[in-house]
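> Listed below, chain by chain, are the residues.
There are 2 protein chains.
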Amino acid sequence: MEPEAKKKVLRMINYGMYILSSRAESHLAAATVNWLSQASFTPPLVMVGLKVESDTFATVKKSRHFAVNILGRNQKALAQDFFKPSSVEGTRINGHEYGNGKTGGALLKETPASFECKVTDIVERGDHAVVLGEVVEVTINREDTPLFMRETGWFYGG
Amino acid sequence: MEPEAKKKVLRMINYGMYILSSRAESHLAAATVNWLSQASFTPPLVMVGLKVESDTFATVKKSRHFAVNILGRNQKALAQDFFKPSSVEGTRINGHEYGNGKTGGALLKETPASFECKVTDIVERGDHAVVLGEVVEVTINREDTPLFMRETGWFYGG
Chain A
5 MEPEAKKKVL
15 RMINYGMYIL
25 SSRAESHLAA
35 ATVNWLSQAS
45 FTPPLVMVGL
55 KVESDTFATV
65 KKSRHFAVNI
75 LGRNQKALAQ
85 DFFKPSSVEG
95 TRINGHEYGN
105 GKTGGALLKE
115 TPASFECKVT
125 DIVERGDHAV
135 VLGEVVEVTI
145 NREDTPLFMR
155 ETGWFYGG
Chain B
5 MEPEAKKKVL
15 RMINYGMYIL
25 SSRAESHLAA
35 ATVNWLSQAS
45 FTPPLVMVGL
55 KVESDTFATV
65 KKSRHFAVNI
75 LGRNQKALAQ
85 DFFKPSSVEG
95 TRINGHEYGN
105 GKTGGALLKE
115 TPASFECKVT
125 DIVERGDHAV
135 VLGEVVEVTI
145 NREDTPLFMR
155 ETGWFYGG
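Line order of the protein sequences matches chains A and B.
Convert by adding 4 to the 1-based position in the first sequence; the result is the number in our numbering.
Convert by adding 4 to the 1-based position in the second sequence; the result is the number in our numbering.
This is chain A alone, in the form it adopts within the complex:
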């Protein structure tokens, strides 16, 4: 398998973009992710790929909960603000207002919607772990079309 061909083909997979957050005791972590999909209707499960050597994954593993904030069509800049390490100041994380979800993660006020999960399974096989979570809470802030990663010009995959 030729590495460039593999990269080209895997970059044809389409993604949305999300800010995933988790709290373990007083530590609040958040990061932009795109390797995320629903994985069951009953119970409602989602699966997400998280970098094994990341603060976010360490926090999810400890807390066994995470929140997912769904980015709207014009929120590319918001996605970018969560490429860097998490920094909390008062009621803001990385400069953006948030509230505490029922399961501890940050629910951003600016994103159209969020959901919260309880971790059911973790598979550590590659450089990203597959985390499976059951959706236990949802929050709707406003109507919006969700962001397509392809429209941002960024790629994470390949």
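The hints are simulated quantities; they were obtained by calculation from the structure and are not laboratory data.
Hints should not be assumed to be uniformly reliable.
What the hints assert, rightly or not - Straight line, CA to CA, 20 Å or less: simulated EDC-like cross-link-like pairs of lysine to aspartate or glutamate:
(1) 88(A) <-> 57(A)
(2) 12(B) <-> 138(A)
(3) 12(B) <-> 57(A)
For this one, chain A is given, so just place chain B on it according to the hints.
This is chain B only, laid out in the frame that chain A set:
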């Protein structure tokens, strides 16, 4: 958690669309899927949610391999042809020309690109199983922009 709100929020997750195929001995299965994402760079892994009570999942479980055909922007009709049970006639599956992948699954001639995987892990937790596979082969047929499920007007999720 209110069921309608849960459905609305989970339907904001963005997806591409794919035809997944697998062969176990003489049986060739194929079905349209959208719950699919990359899950690791090294090794290159993908994760896919497959309905537990489906011919495709039974075949993947038996063969421990699958092929993924990536649908192009104008291939909504092709996606629809694989909502029904698989039917092979000569070199066509559900009416579409295919070749046999190195790992046995059907590689459609019409789709822009395909990749093949060896199953590494299966998590059976909900009504869909999470299948994790290592990408072992890729095929590129032509340039195209991949299909967004949102543009088809269909939803599979919620």
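> Does each hint hold? Answer for all of them.
To see whether the hints hold, each was checked on the structure:
{"no.": "1", "hint": "88(A) <-> 57(A)", "in the structure": "holds, 14 Å"}
{"no.": "2", "hint": "12(B) <-> 138(A)", "in the structure": "holds, 16 Å"}
{"no.": "3", "hint": "12(B) <-> 57(A)", "in the structure": "violated, 33 Å"}
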